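From these two lone chains plus the hints, build me the complex, please.
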Amino acid sequence: MDFLSTLSIFVMACFVGYYVVWSVTPALHTPLMAVTNAISSVIIVGALIASSAAVGGSEISKWLGLLAVVLASVNIFGGFAVTRRMLAMYKKKEKKPVAASNNSSAK
Amino acid sequence: MDHIAADTPAWAMLAYLIAGVLFILSLRGLSSPETSQQGNRYGMIGMLIAVATTLLLHGTGLPLIVAAIAIGGTIGWFIAQKIQMTMMPELVAGFHSLVGMAAVLVGASAYLNPDAFGIVDSAGQILTASRIELGLGVAIGAITFSGSVIAFLKLSGRMSGSPILLPARHVINLAVLAGILGLIGYFVFDSQPAVFWTITALSFAIGFLLIIPIGGADMPVVISMLNSYSGWAAAAMGFTLQNTAMIITGALVGSSGAILSYIMCKAMNRSFISVIAGGFGAEAEAGGPKGSAVAKPYKAGSAEDAAFIMKNAESVIIVPGYGMAVSQAQHALREMGDLLKAEGVSVKYAIHPVAGRMPGHMNVLLAESNVPYDEVFELEDINSDFGQCDVAFVIGANDVTNPLAKTDKTSPIYGMPVLDVEKAKTVLFIKRSMGGVGYAGVDNPVFYMDNTMMLLADAKKMVETIVKNLGH
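Chains A and B are the protein sequences, given in the same order.
Counting in this note's numbering, the final residue of the first sequence is number 107, and the numbers go up one at a time with none missing.
Counting in this note's numbering, the final residue of the second sequence is number 1472, and the numbers go up one at a time with none missing.
One chain only, chain B, in its complex shape (with noise of 0.2 Å):
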């Protein structure tokens, strides 16, 4: 062919599989903790051979682009030492709108330079094959930058989580998707700017009208989609550059995130569809008040009251969510833990899969204030033990402990599958308020049972209230 990549030494192409190889590694590494860091080096020794082989290629204009290294470099470090690890959902998403950007960019360069990429017949025409993998590349990579501004913006609460409904939306997204695929197709046999550059702007239109619908809970769906997308974008531009590190990185990277969207839309048992379409809780915040207009008796309680329960208890199980991120009380729920362990409490932690803004926060919060991973179980582990358990200390989470998920046909939360608090001989459960519904907007018949105790307060503060009482 009259790729670049027909005048690729054999070397640099071996170096590119060696690459790609340990990336695959690097994510193998994750199967389990111990593993874990010395993926991560792998990922890190692959990005070398890959950068290395690429300059020791192209090895032009080498101030310049050490300068943009370094400065890339530095910020990026800079961000990884000093974020919470509170604010990773939307650092993640914010990492993806530059892969999507840089994918973008590539793209546009590549369109006016195609000499330098060759992407060009003898003609001076850029390759048909070319002219669909720039289009596709440069369109997932809009799509990916301005879906992940908007999922970054909703994620630092710098934009409101509930979704924003335009009329007509389905009618206008699915009309910009079609322009989309249709604009494409027409670049292979005109590949004037006007129409590369209306792909440009129509993609990054639409990656800001998908993602504005979609509401704060199911942005750990978003995220994972979002992943997946920067994937490939990735693959599309090493179809172009008939790179094998590219192709193979963007091919791991956008199953991952496919596998992470299909895991996280089974923990709520929505459809992929359903989700992208938008509006969920807005409908529910609509409906659901009217039912919840009766005040209901519930029984509320004391810090005093919690410590002393679980200080005679047997067993503990801790069921975090969202609402102990907010309130940053991992560390305070830490030291809970601790003392109630020197009392000779049996403790563990339950994570539901969507807990959280994005798959898997929960538990990073906890490594974070030194829970050990042994002590922390998932959904399908735990939830046996619930009926044996003396208490189940349910701490910011509403919506995955509703036992309507298993029961109400007409809950907008049904077939969910929900972490079994109710079976737990005595129920805590800290709540801002009774006020407030979970984001799906429905009410939570576990707050009025007769072994449940409610805890009306921050959690933060509740939490560091009961170590004071645990600690005399």
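Excised from the complex, chain A in its bound form (with noise of 0.2 Å):
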């Protein structure tokens, strides 16, 4: 891939991004943030490059990447699982919806 075709899928991501955040729902703001600040740790990726570098190259290099993916699990497990945790908080007035979200939950 050439720098051209990198900068087209970052330009139209952006659009994507800015018609599907406003199509958020105000109340769910904080879960917003807390998935984004979730999946913002694809970094991880760039950091499990870094950690199986092939022996030969310098092995500061392989303990920062390790030290990177550290990190950004402890943001993957710890965003996903809080998203996870308001989310199931938000209930709707009647007692029906509660259930099928259980029944979803389940399975």
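Keep in mind that a hint or two might mislead.
Claimed, not checked - In silico EDC-like cross-links for lysine to aspartate or glutamate, where the CA-CA straight-line distance does not exceed 16 Å: (1) LYS92(A) - GLU1375(B); (2) LYS93(A) - ASP1374(B); (3) LYS92(A) - ASP1338(B); (4) LYS92(A) - GLU1368(B); (5) LYS92(A) - ASP1374(B); (6) LYS93(A) - GLU1034(B); (7) LYS91(A) - ASP1374(B); (8) LYS93(A) - ASP1443(B); (9) LYS1296(B) - ASP1443(B); (10) LYS93(A) - GLU1368(B); (11) LYS1425(B) - ASP1450(B); (12) LYS92(A) - GLU1034(B); (13) LYS91(A) - ASP1450(B); (14) LYS93(A) - GLU1375(B); (15) LYS1423(B) - GLU1375(B); (16) LYS1311(B) - ASP1338(B); (17) LYS93(A) - ASP1385(B); (18) LYS91(A) - GLU1034(B).
As the list claims (entries may be wrong) - Over 10 Å on every C-beta distance to chain A, these chain B residues come out as not near it, computed from the model: (19) ARG1028; (20) THR1074; (21) LEU1166; (22) ILE1223; (23) ARG1270; (24) ILE1276; (25) ALA1342; (26) HIS1361; (27) PRO1403.
Quick caveat, the hints were computed from the structure, so don't treat them as lab data.
Computed from a predicted model, the values in this text were never measured in an experiment.
All residues carry an ideal CB built from backbone N, CA and C; glycine is no exception.
Okay, here's the thing in structure tokens:
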């Protein structure tokens, strides 16, 4: 992939992000921040490459990578788990939707 | 190109693309509470695909990597289970700092071992484009880290929430920013370690300098802004690695944070620049007390009075603010709402976009205490209802109910959209004491209206006493 194709993906993704985020209901803005936090930890991809670098590369570089893996993992597990916890709290007035959400989380 | 991506097999590129699309779907799910859980699951699957693909491509040193993921994952999972909902703002700030630090570490690792990242040319030098991307990625990551650490310290009360103003801070900040950009430009021609590490160090410094002058109530903007930065940092690293999943995610998170910052600024009628320049509240505090030195008459009431008034009302609108979060009054409040509903009173909640310390903070707290989300309304949707409602019950909110924002051009909050609580037949206003003013340092005329009853006490205790009085 050359730089221009990468840039095209980036610009298009910015527009997708713009429209998707405006459609998020304000009541869910806190979970939105938590989940964007979790997914931005996709930076773990870079950390994994750094820590699996073949022997011969710099040792420091590898350990920096491993430390980055730890930090990103805190974020991934913490971010998704706390989002899940928060979203489970949002309930409607009647009992039916509660039962429905129980079913969906069971499977 | 010479990038490693040229050697990336097609299946892996497709897998990263799928991960990116799943991340888009995960945000899409948040458009309504019904679909949100599914959205979160898409996000997890996307992350799993991205990680698995990377491990299959670069599968050496697996035991150490698995150990690292296990350590980080356990800590993260544990924090997520234990954290109180009132502490969400500092948790999110803390998590942002981790993304920032991870970006710096990945950048540093790529700089030290560019071969592993496939960003070297035939002469063994780091590619020009990669130098800019690395420089930007590390700079944004470092700013995200130190800025978020300060935001975390302020939000968790470990550091004073009031703005800390250095002399000539604008000059210093602009000079440091210009220095960072200049060095990134220079890095293209000269990639010696001193240049790289100076960029990193200056970026850590500027993140710190940018956030210390910003006061507590501007935190919703700051935290959204840092959210945005963590996205841009991931995107910059994605460019270096030519990785679609990282680029899509970075763009999504970047725009998400930017939009939230915009919404928060608009809800305070402040420009982004004035928030970033900082110091809001400091000037007003100096001028404010003079105006309120004359004690104006107000009507104080008891929990008993409040319970009686609300019991006999037809409709009550509850306006929660940061004070509710501080005193953890949300559960008692929901109990009060339930008792009122049992008496046949219509109960609704009105949320101002900047109530609390982060976007949507009040909604989460109310959801936590089992308030159904269809009883909770945003400012635009409920503001016209105050005219017809019997009681506006304000708990721990102040500036967001101040009618001066509509009339007094000299007021620091002039032009900010506010909840029209003064239009209700009766206003019940819970406040710790008459002495303190809101964050903006402005007195609120609602306190002194004939139809306002001030309930001076800790929010939680007051609501609990009201609940007792409603009980019999």
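Right, here's what the structure says about each hint:
1. Using a Cα cut-off of 16 Å, the hinted pair LYS92(A) and GLU1375(B) holds, with the two alpha carbons roughly 9 Å apart.
2. This hinted pair checks out: LYS93(A) and ASP1374(B) have alpha carbons roughly 7 Å apart, not beyond 16 Å.
3. Between LYS92(A) and ASP1338(B) the alpha-carbon distance is near 14 Å, which keeps this suggested pair within the 16 Å criterion.
4. The straight-line distance between the Cα atoms of LYS92(A) and GLU1368(B) is roughly 13 Å, inside the 16 Å bound, and the hint therefore holds.
5. Simply put, LYS92(A) and ASP1374(B) have alpha-carbon atoms about 6 Å apart, close enough for the 16 Å limit, and the pair holds.
6. Of the pairs offered as hints, the one joining LYS93(A) and GLU1034(B) holds, with about 13 Å between alpha carbons and a cut-off of 16 Å not exceeded.
7. Proposed proximity of LYS91(A) and ASP1374(B) is supported: the alpha carbons are some 8 Å apart, at most 16 Å.
8. Between the alpha carbons of LYS93(A) and ASP1443(B) the distance comes to roughly 37 Å, so the proposed pair goes past 16 Å and is violated.
9. A C-alpha spacing of about 11 Å is found between LYS1296(B) and ASP1443(B), which places the hinted pair at or below 16 Å, so the restraint holds.
10. The straight-line distance between the Cα atoms of LYS93(A) and GLU1368(B) is roughly 14 Å, inside the 16 Å bound, and the hint therefore holds.
11. For the hint linking LYS1425(B) to ASP1450(B), the alpha-carbon distance of about 10 Å falls within 16 Å, and the restraint holds.
12. The straight-line distance between the Cα atoms of LYS92(A) and GLU1034(B) is roughly 9 Å, inside the 16 Å bound, and the hint therefore holds.
13. The suggested pairing of LYS91(A) with ASP1450(B) is violated, with an alpha-carbon distance near 38 Å, which exceeds 16 Å.
14. Distance check on the hinted pair: LYS93(A) and GLU1375(B) sit about 8 Å apart at the alpha-carbon level, within 16 Å; holds.
15. Only pairs whose Cα atoms come within 16 Å are accepted, and LYS1423(B) paired with GLU1375(B) is rejected, the gap being roughly 20 Å.
16. For the hint linking LYS1311(B) to ASP1338(B), the alpha-carbon distance of about 12 Å falls within 16 Å, and the restraint holds.
17. At most 16 Å may separate the alpha-carbon atoms for a hinted pair to count; LYS93(A) and ASP1385(B) exceed this at roughly 20 Å.
18. Between the alpha carbons of LYS91(A) and GLU1034(B) the distance comes to roughly 9 Å, so the proposed pair stays at or under 16 Å and holds.
19. The beta carbon of ARG1028(B) is not kept farther than 10 Å from every beta carbon of chain A, the shortest such distance being approximately 5 Å.
20. Distance check on THR1074(B): its Cβ comes as close as 8 Å (rounded) to a Cβ of chain A, failing to clear the 10 Å threshold; non-interface status is violated.
21. No Cβ of chain A comes within 10 Å of the Cβ of LEU1166(B); the nearest lies about 29 Å off, and the non-interface call holds.
22. With 10 Å as the threshold on Cβ separation, the claim that ILE1223(B) sits away from chain A is violated: the shortest Cβ distance comes to roughly 7 Å.
23. Chain A leaves ARG1270(B) outside its interface by the beta-carbon criterion, the shortest separation being 18 Å against a cut-off of 10 Å.
24. Every beta carbon of chain A lies more than 10 Å from that of ILE1276(B), the smallest distance being close to 19 Å; the non-interface claim holds.
25. With a minimum CB-CB distance of about 14 Å to chain A, ALA1342(B) clears the 10 Å threshold, and the non-interface call stands.
26. A beta-carbon of chain A comes within 10 Å of the beta-carbon of HIS1361(B); the shortest separation is about 6 Å.
27. In this structure PRO1403(B) is separated from chain A by more than 10 Å, as the shortest Cβ-Cβ distance comes to about 23 Å.
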